[in-house]
Amino acid sequence: MAFLHRHPRLRLAALLSAPMLWLGLAYLGALAVLLVSAFWTVNGFTGEVVREFTLANFRTIVTEEVYRNVTLRSLGVAVAVTVICVVLALPMAFYMAKVARPRARHWLVIAILTPLWASYLVKAYAWRVLLANDGPIDSLFGGPGYGLFATIIVLSYLWLPYMILPIYAGLERLPDSLLEASADLGARAGRTFRGVVLPILVPSIFAGSIFTFSLSLGDYITVQIVGGKTQLLGNLVYANVGAANNLPFAAAIATIPVIIMVVYLAAVRRSGALEEL
Amino acid sequence: MTLSAWSRWSLRVVMALGLLFIYVPLLLVLVNSFNGDRTFGWPPHDFTTRWWTAAWNNGGARDALWTSVKAGLGATAIALVLGTMVAFAVQRFKFFGRDTVSLLIVLPIALPGIVTGIALDSAWRSVIAPLGLGKGLFSVIVGHATFCVVTVYNNVLARLRRSGVSLEEASADLGASPGQTFRYITFPTLRSALLAGGLLAFALSFDEIIVTTFTAGPGIQTLPIWIFNNLFRPNQAPVVNVVAAVLIVLSVLPVWLAQRLAGPEAGASRT
Numbered sequence: 138m139a140f141l142h143r144h145p146r147l148r149l150a151a152l153l154s155a156p157m158l159w160l161g162l163a164y165l166g167a168l169a170v171l172l173v174s175a176f177w178t179v180n181g182f183t184g185e186v187v188r189e190f191t192l193a194n195f196r197t198i199v200t201e202e203v204y205r206n207v208t209l210r211s212l213g214v215a216v217a218v219t220v221i222c223v224v225l226a227l228p229m230a231f232y233m234a235k236v237a238r239p240r241a242r243h244w245l246v247i248a249i250l251t252p253l254w255a256s257y258l259v260k261a262y263a264w265r266v267l268l269a270n271d272g273p274i275d276s277l278f279g280g281p282g283y284g285l286f287a288t289i290i291v292l293s294y295l296w297l298p299y300m301i302l303p304i305y306a307g308l309e310r311l312p313d314s315l316l317e318a319s320a321d322l323g324a325r326a327g328r329t330f331r332g333v334v335l336p337i338l339v340p341s342i343f344a345g346s347i348f349t350f351s352l353s354l355g356d357y358i359t360v361q362i363v364g365g366k367t368q369l370l371g372n373l374v375y376a377n378v379g380a381a382n383n384l385p386f387a388a389a390i391a392t393i394p395v396i397i398m399v400v401y402l403a404a405v406r407r408s409g410a411l412e413e414l
Numbered sequence: 577m578t579l580s581a582w583s584r585w586s587l588r589v590v591m592a593l594g595l596l597f598i599y600v601p602l603l604l605v606l607v608n609s610f611n612g613d614r615t616f617g618w619p620p621h622d623f624t625t626r627w628w629t630a631a632w633n634n635g636g637a638r639d640a641l642w643t644s645v646k647a648g649l650g651a652t653a654i655a656l657v658l659g660t661m662v663a664f665a666v667q668r669f670k671f672f673g674r675d676t677v678s679l680l681i682v683l684p685i686a687l688p689g690i691v692t693g694i695a696l697d698s699a700w701r702s703v704i705a706p707l708g709l710g711k712g713l714f715s716v717i718v719g720h721a722t723f724c725v726v727t728v729y730n731n732v733l734a735r736l737r738r739s740g741v742s743l744e745e746a747s748a749d750l751g752a753s754p755g756q757t758f759r760y761i762t763f764p765t766l767r768s769a770l771l772a773g774g775l776l777a778f779a780l781s782f783d784e785i786i787v788t789t790f791t792a793g794p795g796i797q798t799l800p801i802w803i804f805n806n807l808f809r810p811n812q813a814p815v816v817n818v819v820a821a822v823l824i825v826l827s828v829l830p831v832w833l834a835q836r837l838a839g840p841e842a843g844a845s846r847t
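Chains A and B are the protein sequences, given in the same order.
Residue 361 in our numbering is what sits at position 224 of the first sequence, and the numbering runs on without skipping anything.
Residue 656 in our numbering is what sits at position 80 of the second sequence, and the numbering runs on without skipping anything.
Worth flagging that the hints you see were computed from the coordinates, not collected in a lab.
Small disclaimer: the values here were computed from a predicted structure and weren't measured.
Here a beta-carbon is modelled for each residue, glycine too, at the ideal position from N, C-alpha and C.
It is possible that part of the hints are untrue.
[What the hints assert, rightly or not] Derived list of chain B stretches under chain A, where covered just means 3 residues or more per stretch with a C-beta under 8 Å from a C-beta of chain A:
#1 629-639
#2 664-676
#3 682-695
#4 759-773
#5 801-811
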């Protein structure tokens, strides 16, 4: 103990070794192998993985229309979900941070946080019941039933708190005096919102969108529960790991959301969104 | 901000609608667990508690619950140790690559679950399975621990930032050994943060399905997997619904406890 006390570098190494072996070596290693295996193929007769470098998987993905359509559909879903979440989260977070009284504010934060911990599956299941034929929504509005639209609604529902929380945190840091200054200079609420609030919230919105985007891109469970016949990237990956037993091709498809996320992270990085996570 | 009465009211209405949007589906599950109709005809005509009895006597659901508890406890234990170590390293030391380390902690939860799932699955199959350790409950625990570290890390890091090092320095100046300082100063300051982080890690593991699907060995069924497997069987619907209702009620507990233990920022660490 005393020896460690005199050697801070050793102490640091002792603290970091186990976690880094786990996350740095095992987890990152597994990700790296996954990436590499995307360039392998599966022998059609034996089902064995052939460990030779080839671009065949990616060629199939780029040339076959199915994969292009599914990629575009998944991207579209991720964008729609993100937009819906921003539109809902902005007024809610603003009310929580700037309009509600401090005591109510505390309870509202808890009210937003609590369903975050309710099981993801249970929430998707709840919507399956809500959207069922002759279920509450169907008997009220006569639709929309299971499908792409239902998938977008349910994914927005699932990830909404992930958007509200960073925006709320951003608004809490925004001093009221700035808003008052803007009002004193003659700006109305709408102008203040566009000119002062929104620019300051950009990193928070991006931070929230990292979650809504990434979670939507990788999802395949919700799609199975409320999506009807809709296929997203996650379903293709799942089908190739399971039924088709083609891990290299699954890995190749899985690189699509990873590449999209890396590009997205790099794009929003400069706004300071990563510090808001 | 000086808002007109009209905008105040419209914000209030949006907030109320938003909360309705969040809570109505959950309430529906709770109500339906008492719905006498097997297919959940809406609105419900008669109420019954027989689905609750059926769920209680359902062996599959009970086994799955027990598996989930074991997986959650295992993953939480590992996450507590690893998360605390990294939090200390990042908060108390300056070193090359410190930002990368915090990014690495967030990565398992920031990447799509299916990517983490198949990465761990193929690594297990090609590296650990040849050593004679097939997939089972242990591989589930390993998978869950990987993404649970972040909740403990966030809670401990926030606590370390707030508490500073002056108390520990004072303790050392007064002649306490490093062991005594840890036992009497460091650990008591961290206790509630550890508890909050641990609770949230447990909740995260308890609810996980995607990584579990890929890391579970044959015959290992956690509660979410059990629900998913029974979701599309119409005659199981009432029992599934009761299990879902139980999970909703249970999910309130960790948040409530974590809030009381570590202040309002605790629950946010899931993001």
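Each hint, compared with the structure:
no., hint, in the structure
1, 629-639, "violated (count 0)"
2, 664-676, "holds (count 4)"
3, 682-695, "holds (count 12)"
4, 759-773, "violated (count 0)"
5, 801-811, "holds (count 3)"
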